[in-house]
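Student: Here the protein sequences line up with chains A and B, keeping their order. Letter by letter, the first sequence follows residues 1 to 168 in this note's numbering. Letter by letter, the second sequence follows residues 1 to 408 in this note's numbering.
Keep in mind the hints are simulated off the structure, nothing from the lab. All clues given are correct.
Residues of chain A placed beyond 10 Å of chain B at every Cβ, according to the derived structure: (1) ASP6; (2) THR9; (3) ASP40; (4) ASP97; (5) SER99; (6) GLY155; (7) PHE160; (8) ALA166.
With a straight-line cut-off of 25 Å between C-alpha atoms, the simulated PhoX-like cross-links for lysine-lysine are: (9) B:LYS259 to B:LYS284; (10) B:LYS284 to B:LYS193; (11) B:LYS220 to B:LYS244; (12) A:LYS46 to A:LYS33; (13) A:LYS46 to B:LYS244; (14) B:LYS220 to A:LYS46; (15) B:LYS62 to A:LYS147; (16) B:LYS220 to A:LYS43; (17) B:LYS193 to B:LYS149; (18) A:LYS43 to A:LYS11; (19) A:LYS11 to A:LYS46; (20) B:LYS259 to B:LYS244.
Every residue gets a Cβ at the ideal spot worked out from N, C-alpha and C, and that includes glycine.
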Amino acid sequence: MPATLDTLTAKFPGAFTTSAFRGDQRVSIAAEKAPAVLFDLLKCLKEECGFDFLADVAGIDYLNYPNATDRYGVVYALTNLATGERLFVKAFANDPDPSLPSAVPLWAGADWMEREVYDLFGVVFEGHPDLRRILMPAEFTAHPLRKDYPLRGLGERHNFPTITRAES
Amino acid sequence: MPVEMLPQVDEAGADREFLYTLNFGPQHPATHTTLRLILTLDGETIVKAVPDIGYLHSGFEKLGEDLDFNQYVTIVDRMNYISPFCNEVSWHHAVEKLLGIEVTPRCKYIRTILAELARINDHLLCVGAAALDLGALTAFLYAFNEKEKIYNVFEAASGQRFHPSYSRVGGLMNDITDAVVDQIRDFVRTFPKALADLTRLLNRNRIFLDRTRGIGVLSKADAVNTSCSGPVARASGVARDLRKDEPYLAYPDLQSAFKVVCSTAGDCYARYLVRMEEMAEAVKIIHAAVENIPAGPVNVALNDKLTIPDKMATYRSIEGLIQHFELFMWNRQWSPPVDEVYGATEAANGELGFYVVSDGGPRAFRARTRPPSFIHFAVFPRMIEGHQISDVPAVLGSLNIIAAELDR
Chain A
1 MPATLDTLTA KFPGAFTTSA FRGDQRVSIA AEKAPAVLFD LLKCLKEECG FDFLADVAGI
61 DYLNYPNATD RYGVVYALTN LATGERLFVK AFANDPDPSL PSAVPLWAGA DWMEREVYDL
121 FGVVFEGHPD LRRILMPAEF TAHPLRKDYP LRGLGERHNF PTITRAES
Chain B
1 MPVEMLPQVD EAGADREFLY TLNFGPQHPA THTTLRLILT LDGETIVKAV PDIGYLHSGF
61 EKLGEDLDFN QYVTIVDRMN YISPFCNEVS WHHAVEKLLG IEVTPRCKYI RTILAELARI
121 NDHLLCVGAA ALDLGALTAF LYAFNEKEKI YNVFEAASGQ RFHPSYSRVG GLMNDITDAV
181 VDQIRDFVRT FPKALADLTR LLNRNRIFLD RTRGIGVLSK ADAVNTSCSG PVARASGVAR
241 DLRKDEPYLA YPDLQSAFKV VCSTAGDCYA RYLVRMEEMA EAVKIIHAAV ENIPAGPVNV
301 ALNDKLTIPD KMATYRSIEG LIQHFELFMW NRQWSPPVDE VYGATEAANG ELGFYVVSDG
361 GPRAFRARTR PPSFIHFAVF PRMIEGHQIS DVPAVLGSLN IIAAELDR
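Just chain B, same shape as in the assembly (with noise of 0.2 Å):
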């Protein structure tokens, strides 16, 4: 889009004349992924910030309406590709919750120690390319040895270590070997260090402290009238977690395994502070919950016909074949009702909610994403305006900025 089509400088811009323009992106190293925006400073200091998105717009939602309720999975994975799973739990039980599917216990475990294995994924990255934009490059190091260990826990378990396509309809893809659990219990063991040496690396350091504390403040009246959400809401004050207030998975079972961490300063060290905390508290749900994994099937019955037999059911039962060809024959499939559902989880970045109408065919007569970061590069310009160029990276840094969620 070329610069004079965007709103430049508006009133009092003739006796202002001192003011000029910047282009920040779409290609800069600290925007991460594909974002731009149009900055008029004062010297170093910014009067106005315009953000100018669409970069990645590739029609998701389109693509929901041409794919089934499985098949979009794999898009949804790369909404958010950093906690691709978040993802794939918030579509399913949207899903689920429009065909009336009560998964079974040990879907619900796993589920969501995945989910928050992702989550805690999100953060390590959010919290590491923060500090990398602001120089410290160590910390960064750090954060992504743990990653590494995530991602080694998503290969074992579904084969893919970025996008993973895991969840299913009524249930995963398969069910996760022991070998698995060991892993995940190697990580509960080993991240508590991993954490503790990040944090000694940033809580106090002293630059890094100068350039978040007091940066791009945001209060919590703002924080609601402007529908943040997760990390960035909490971390003005507003306790609000779709994992406390509207459980959902194995939550119920779980709630006194974690507390919802919230400061009241809004600033771009509390949203680092509350991201670093909710690590914590994630892997204290998971180690609640990978010891209580119930026994039992990881899918629904196979006589609900809602969810793909395992290849044993389709290549040696007559019953298990013909639900196979069921559900992979685009006239059959499932019949949902008629009617419109609304589904949101608690994703590392915040309320992440499907819209799915349905007309009672196979796929998603409408597959509306409510995005939480759209919904925070939204808030970005005033959180921005008044401070200097440099506080861009920080705050950016500190809203987890995920271009492809925010384009769709």
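So that you can see chain A by itself, here it is in the shape it has in the complex (with noise of 0.2 Å):
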């Protein structure tokens, strides 16, 4: 693991902080680094660190954390296959448009995973190939994981329209 470190930081210096925590090692990106940065350095990771197994991409709303500095996070867990090391690789974006790279063209396994962070928190991956909705209807305006979204909702089911059986 020291090695992988060493190899980022000699490519990407400057441009991550990292952290452990209970044998997770993170690398944590900055919200006006990460669109640049982000795509180069999970590449890096998967053709020259071996991380070649994308196990979880997962969105995080930080609103009200205890000094959280930017909102979104989105975590990508990577393993390498052939050690068994695990590295959490987390980038984050800010209101308005939270926004990050796609990182589809190096795991197909993404699409749907970032899909369904852009339903349930609203940041939009660039390049991404088919980027709708995907737990939610289509219709649906909000992004119900933010934290600013209620747990009840807001009345989005009591506003459905109803199809009779001679309409449908």
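Both chains come to you apart, so use the hints to assemble them.
Tutor: In structure tokens form, the structure reads like this:
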């Protein structure tokens, strides 16, 4: 793992910060640098450091989180299948247009996972081939896993159009 | 969602007017639960398949931010409801990693045994239902016979057959009794015969072979690139199993008891065979573990103030009563570090992980699930394109898509 971090530091000096907790090594990229750095960093990890398996893409809304500076975090959980190491790359994005480069050109598996983050958090992935809502209906307008979206919703279900049998 | 809102036949669609669109689901017997495929067909050959999911989306992850670490167990139970205990183990694995709890040896063994039983349950349903969709009703009935016995074990251990909600932070709801151990021993003794029956019904069944071999092939490179895990990846030759690679619970002690099952064919038949062999391996794990359950408490010590005391301690001692209240008052409970962890375990369908973010409160600030069904269903279009419409149930059955976990 130190070798990986050394490689990253040499190639992307000052672009990220590292942290570790309970054995999870994290690499965080701040919102102002993420659009330029994230894709190249993931590509470097995949092609030079052997992190060939994208286990997960997790979206997080850090609204009102203690000591948070940026609002949206997207965590790419990478695994090196040869050594079993894990590395978590966290990129941040901010309102009003949260946007990050898509990892689909690197991993086809990122397709649906990034669609889910887009659907539930509203983070747009530039270069994604098919960025549509996946869990919520297409006509839904909010992003329900954002912290400012209430647990019980905004009454969307009460305003669903009623379709009669004759119209269907 | 109206059909016209989804991408239809794109390039060269004009001179391929003979293509037609067929809705497969959301209510179709072969989809088992609620998922929908929009198939573009040339005769009976599938040119393009577009999955449309979300029919069962019920905001589990939003609920995870509102319920505390123990309450959310009832929700993770309902993700993959065929092997709920695997989900509970995974959720509390992540939470205990966050809180820094090392559970007791007895708890580790009991969780391991029950998780392996849940894995057998899941594989039995997958194999049985896959055979049922291909017309082999007998295998389905044989599989369900054994599932009943597993449900009996869960009922005896936790009082609930289907959604046990048996795991707790730092331990289990209650210890198991000797009667449960006897039931598990009994299952270990009788299950190999049932598995052999199932094997004889299907492994060389001409119709089953013809409908599964060479269908839905997933290459090893594709399996890695599309993030597949579990039996789906192992059937394509990815030798990764978190029970071996990142041993948790009692698996470090049980490494010699089981092997990782792999195949290289990557088709539906290979996925079926991997699941069958994994059941045999799971029985070996249970056999090795059930004879070696350590004595001692099942929960971490009362003084750690992390686990719910048993009713005896609650009603008969002031410390127990105080701790009970501390863990149920919404403004007391746990105080985890302000940080985040990813905890993953090998569930029946693959790597089931939880990314838990904590803001120091007793509820997760964010409880992200890595759902294996979701990731495997994303691969479905590339598996099915070029095959016949009658192969859809075969491929769906071999992937074991659980829509509740898919949509959460």
